[in-house]
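*Asks:* What follows is the residue order along each chain.
2 protein chains.
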Amino acid sequence: MFTKRRGLLLVLSGPAGVGKGTVCAALRAQTTEIEYSVSATTRAPREGEVDGVNYFFKSREAFERMISAGELLEWAEYVGNYYGTPRSYVEQTLDSGQDIILEIEVQGARKVRAAFPEGVFIFLAPPSLQELRNRIVNRGTETEDVINERMNVAEDELELMSMYDYVVENDEVDRAVSRIQAIVTAEHCRRERLTD
Amino acid sequence: MFTKRRGLLLVLSGPAGVGKGTVCAALRAQTTEIEYSVSATTRAPREGEVDGVNYFFKSREAFERMISAGELLEWAEYVGNYYGTPRSYVEQTLDSGQDIILEIEVQGARKVRAAFPEGVFIFLAPPSLQELRNRIVNRGTETEDVINERMNVAEDELELMSMYDYVVENDEVDRAVSRIQAIVTAEHCRRERLTD
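Protein sequence lines correspond, in order, to chains A and B.
Heads up, the first sequence is in the UniProt record's numbering, so the first residue is 1 and it goes up one at a time.
Heads up, the second sequence is in the UniProt record's numbering, so the first residue is 1 and it goes up one at a time.
Since the hints were derived computationally from the structure, they do not count as laboratory data.
Positions of the beta carbon are idealized from the N, C-alpha and C atoms, including for glycine.
If we take Cβ atoms under 7 Å as the criterion, some of the chain A residues that face chain B in the derived model are:
| id | residue |
| --- | --- |
| 1 | Tyr164 |
| 2 | Tyr166 |
| 3 | Val167 |
| 4 | Val168 |
| 5 | Arg179 |
| 6 | Ala182 |
| 7 | Ile183 |
| 8 | Thr185 |
| 9 | Ala186 |
| 10 | Cys189 |
| 11 | Arg190 |
| 12 | Arg191 |
| 13 | Leu194 |
Distance ranges between label pairs, derived from CB positions:
| id | chain 1 | residue 1 | chain 2 | residue 2 | range |
| --- | --- | --- | --- | --- | --- |
| 14 | B | Arg175 | A | Arg6 | 15 to 21 Å |
| 15 | B | Ala44 | A | Glu131 | 54 to 60 Å |
| 16 | B | Ser59 | A | Arg5 | 43 to 49 Å |
| 17 | B | Glu131 | A | Arg5 | 16 to 22 Å |
| 18 | A | Val79 | B | Glu131 | 51 to 57 Å |
| 19 | A | Gly97 | B | Ser59 | 51 to 57 Å |
| 20 | B | Glu172 | A | Asp171 | 30 to 36 Å |
| 21 | B | Gln98 | A | Thr32 | 32 to 38 Å |
| 22 | B | Asp171 | A | Thr143 | 54 to 60 Å |
| 23 | A | Asn152 | B | Arg175 | 44 to 50 Å |
| 24 | B | Ser88 | A | Ile147 | 50 to 56 Å |
| 25 | B | Pro45 | A | Arg28 | 49 to 55 Å |
| 26 | B | Ser162 | A | Ser162 | 26 to 32 Å |
Work out the full structure: start from the sequences and follow the hints.
*Replies:* As C-alpha cells, then:
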C-alpha cells in the first residue's frame, strides 16, 4: 500500500548564535538514523573542532576551486568566510533512502530551497533577540563589533522566517531536538510523500 | 517573538476496522494534553463502552433533534447508524488553546475538512487490505455480510486518502500513537501557525 520511504533533506538554519551547532550535535548523538551533512568552510577551526567531522576546513583557494567545479550544493560568504555544502554527499544519501540534515546559515538555506523545494526547512529561533545577544556574548569568542554586526544580520534573518516550513524555538537544547525528531517522523507520514 | 499557541483540531479517520478506537484510546492514555472529542451515536454500546466516555449514546429521535438544532459539527449515517460530533465542545476546546482530537469515519472527516480547513487530518491506514479483513473478522462481532460490506466501503475510503494531510500506518498501536504524537508536535512548529 505504501511506496518505498525516501530520504528527507532536512535543512536546519537560523541566525548566527542561536545554537544550530549545539542542537545539531545533540540530534546526532540521539538519532542515529539521520545522516549529518558536513559542510566545507574557510573559517578557522574553533577549539575542539575536527576537520571532516565538524567541517571540511578549506583554504580560500581550495574552496574557490570547488565552486568553479560545481562541487557545492550551495555556498555563501558570511562574516568574511565561505561556507558550503558538498553536493555529491547529499545526493548519494537521499538516493539511498537515508535522511540527511544540513546545518547552514540563512543565505545557504535560501539557495537550497531553490534547488530542493521538497526539502524540510526548519528555522531555529531564539526565544528573544536579547537572549540571542546573551548567547553570542557568553560564547566569549567575539569582539563587541562582531557582536553588533551579528545582531544586525540576525534581525534581517528573522525576516526570512517566512520561507521555512517549521520554526523551532531553541529554548532548551533537548526540547529543540525532540521537536526536530517529531518533525522528521511527521514528515515521513505526510500524505503527499506517501502517495503519487 | 511567538504568538500565543492555538489549539489544533486533529481529525483521525480511516476505514472501519483499521483500529481508530484502539489507537485513540492508547493516545488518550499516553497524552494528557490532547482532549478527546466524544462523539454522539445511535449505534448500540459494545461490551465495556460507557455513555459519555466512549460515546454519547442517543436514540435516533434524540440524534435527529440535535441535527435540526445545528448542534453537530458533522454527522453521517453509516451502516445503519448515525455518528456525529457535538459542535460546542470542540469550539470551546480550541478557543481555550487546547488541542482536540476527533475520531470519526471518513464521510464525517470530509465534512469537517470543509468546515475547518486548518485542521490536521490524519488517515489511519491498515498495512494491507488483507490485514484489515483479518482485524474485522477477529473482532468476532460482525457477520460475513457485514464484513464484506465493510471491505467494499473500506476500498472506496482508501481512495479518499488524498484529502488528508498525513497517513499513519497502523502496523502496531504504539508505533501509530508515537507517529500521531510527533505530528502534533510538528504541527505546533509549523511556521504558518506561528507567524501571521
